[in-house]
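A.B. asks: Take a look at the letters that make up each chain.
Number of protein chains: 2
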Amino acid sequence: MTESLKTGATIGILGGGQLGRMLSVAAARLGFKTCIFEPAGDCPASHVANFHMKAGYDDTDALKRFAESVDVITFEFENIPTSALDALEAVKPIHPNRRALATSQDRLTEKEFLRGLGLQTAHFADVSDTASLDAAIAKIGTPAILKTRRMGYDGKGQARLSSPQDAADALADMAGAPAILEGFVSFTHEVSVIAARNPEGAIACYDPGENVHVGGILSTTTVPAKLTAGQASDAVLIAARILNALDYVGVMGVELFVTAEGLIVNEIAPRVHNSGHWTQNGCTIDQFEQHIRAIAGWPLGDGTRFANVTMENLIGDDIAQIPDIAQSGAAIHLYGKADAKPGRKMGHVNRVTGPV
Amino acid sequence: MTESLKTGATIGILGGGQLGRMLSVAAARLGFKTCIFEPAGDCPASHVANFHMKAGYDDTDALKRFAESVDVITFEFENIPTSALDALEAVKPIHPNRRALATSQDRLTEKEFLRGLGLQTAHFADVSDTASLDAAIAKIGTPAILKTRRMGYDGKGQARLSSPQDAADALADMAGAPAILEGFVSFTHEVSVIAARNPEGAIACYDPGENVHVGGILSTTTVPAKLTAGQASDAVLIAARILNALDYVGVMGVELFVTAEGLIVNEIAPRVHNSGHWTQNGCTIDQFEQHIRAIAGWPLGDGTRFANVTMENLIGDDIAQIPDIAQSGAAIHLYGKADAKPGRKMGHVNRVTGPV
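So the sequences go chain by chain: B and G.
So for the first sequence, numbering that gives the first Met the number 0 puts the first residue at 0; every next one is plus one.
So for the second sequence, numbering that gives the first Met the number 0 puts the first residue at 0; every next one is plus one.
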């Protein structure tokens with residue numbers, strides 16, 4: 000078990016985007032220093048961090064110096080090269096652990112892990128070529144979604160098969176990457192549970208949020224989610240089972256489809272999650288501080304929800320709405336990104352819609 | 000009137016302590032960059048700021064470069080040398096304005112200003128030597144408090160006169176500095192109003208907080224304060240009158256004594272204020288973001304209080320209580336200071352005691 004980190008210690012964060020930025024602020028609030036490892040200059044996290052090591056994930060010397068300069072390592076994204084993890088882990092502990100990363104980095108491994116826990120997932124089959132795709136279609140049927148096993152996010156690396164005739168085009172979209180065919184899940188809506196676990200095994204889950212995606216990117220998360228008391232309880236128990244099984248330390252986002260037959264696990268993200276941003280204005284301790292507390296070996300904080308909130312992502316030109324939003328009484332959270340490219344997450348807004 | 004600042008603009012902050020630190024975080028949340036002007040290295044604000052100009056207030060070149068590198072200037076403390084303000088203001092706007100600074104920098108000017116608005120203050124008299132002190136005692140009586148007119152904070156630069164016999168010792172304590180004798184105010188408790196005003200003249204006041212000092216240093220602030228509805232309303236109206244009279248832009252802390260004869264203004268602080276730290280866990284928009292919104296010419300945010308909170312300062316060795324406090328469910332806010340010297344503010348804790 001990790002000894003608990005003392006105030007003044009330095010937390011290393013792999014990745015300098017908005018999640019790293021909000022993790023840095025939370026770390027500072029608890030008296031920690033932060034060092035961001037990020038190849039890009041002027042990254043969002045560096046604006047609010049003590050140190051920024053600007054280097055690539057293939058720069059073993061830089062990774063080693065980074066690891067030596069910090070007390071514990073965490074990350075804001077899961078697609079970290081294995082070689083980089085090897086170099087880092089030889090020097091300092093990384094939370095969440097390698098198994099959680101390996102599980103979530105590969106959609107096939109992830110689904111097999113979830114099934115092994117007795118949890119429901121979409122039907123799935125491994126796809127590496129035309130023959131295996133044909134076999135997968137025969138097993139699962141259409142409609143179905145072909146996804147790369149690795150490196151997918153925000154709907155990228157996915158192709159939909161409305162009928163078996165779409166097989167060749169879908170496979171071409173994978174560009175030779177190992178893939179997984181997932182059966183279509185008839186769900187009414189998607190919810191996610193943001194769950195935290197510390198090294199002592201204590202678990203704290205935030206109330207499930209209800210997610211709406213537009214164009215494959217999260218658009219809004221609303222709490223409370225439309226769930227029966229039983230479903231809400233199931234959702235939290237599913238998340239806890241996953242965290243315990245992975246001996247997980249940190250915050251995880253668990254996405255669930257709500258169906259007539261119960262909750263189906265869509266995917267897990269071994270990090271703070273866009274669908275947990277509402278906690279910044281709905282709870283005393285938000286998901287970012289909860290993650291820092293967990294990886295620092297501190298007691299988890301009070302994540303009781305005190306407000307109904309709708310979180311709305313500001314994507315690309317949505318940022319132009321800021322003057323109006325500033326008038327509205329909503330809470331604004333911007334990421335300090337210079338250019339509002341299409342599809343780029345520029346910030347988010349939390350609208351408190353009432354007390355619990 | 001200031002044009003409203005666009006996201007991506009840089010806010011210059013004079014002073015790198017905990018108030019500058021929390022202002023920087025709030026500025027980042029709204030997409031602003033920050034530059035801290037602070038002679039000391041490794042200062043709390045620099046940990047979460049984009050830039051730190053490490054230079055003294057007598058370094059006119061550095062002040063000029065600082066002013067040129069930012070879009071607007073604000074400060075976390077009021078005792079800024081006039082010469083520095085002259086150098087800065089020649090280049091970029093400073094909020095709050097010079098008049099607010101000049102008024103609050105000098106206890107005599109401050110009291111005369113408040114009386115000029117028809118507000119109640121302690122009885123007071125100007126003291127520069129033995130003769131004027133004797134005259135002041137004759138006018139005001141004892142018990143009374145002799146205070147330096149300038150540069151006092153956290154109870155420093157003050158001497159209590161229980162009887163006229165204490166006059167010589169008290170005057171010696173002033174070390175030749177111009178002073179003011181203040182009559183004793185028989186108050187039941189002290190409250191403060193954290194008030195904000197933007198360039199359009201919009202005003203937003205947080206609910207008054209009740210302050211308890213120990214050894215001249217703020218120990219706790221509790222909301223709601225013990226006030227009748229009439230007193231709470233008076234407190235807010237007094238604060239608004241002061242802000243309007245100064246054409247003030249930013250957040251101000253207004254300390255009030257509660258007496259049987261009404262509210263008596265103790266002092267004003269033209270900046271975010273220790274007694275407003277509870278807003279971080281009691282309101283959607285805290286005092287730090289409210290200040291940034293005001294000086295940026297943005298609409299003020301929603302400062303409605305949604306929780307009852309007690310803020311407790313962690314002073315000196317209080318920091319050793321952090322492991323226990325982390326267990327308690329309270330919200331921790333640490334300042335990243337390395338050494339826990341006696342009397343040094345190391346952090347604070349907000350304990351949410353219930354919904355409003």
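Any given hint might turn out to be false.
For identical chains, the list gives no copy identity; a pair is met inside one copy or between any two copies.
[What the hints assert, rightly or not] With a straight-line cut-off of 20 Å between C-alpha atoms, the simulated DMTMM-like cross-links for lysine to aspartate or glutamate are: (1) K5 x D323; (2) K155 x D41; (3) K5 x D41; (4) K5 x D316; (5) K5 x D317; (6) K344 x D133; (7) K138 x D85.
Quick caveat, the hints were computed from the structure, so don't treat them as lab data.
A.B. asks: Taking the numbered hints from earlier one at a time, note which ones the structure violates and give those numbers from smallest to largest.
C.D. replies: 2, 6 and 7
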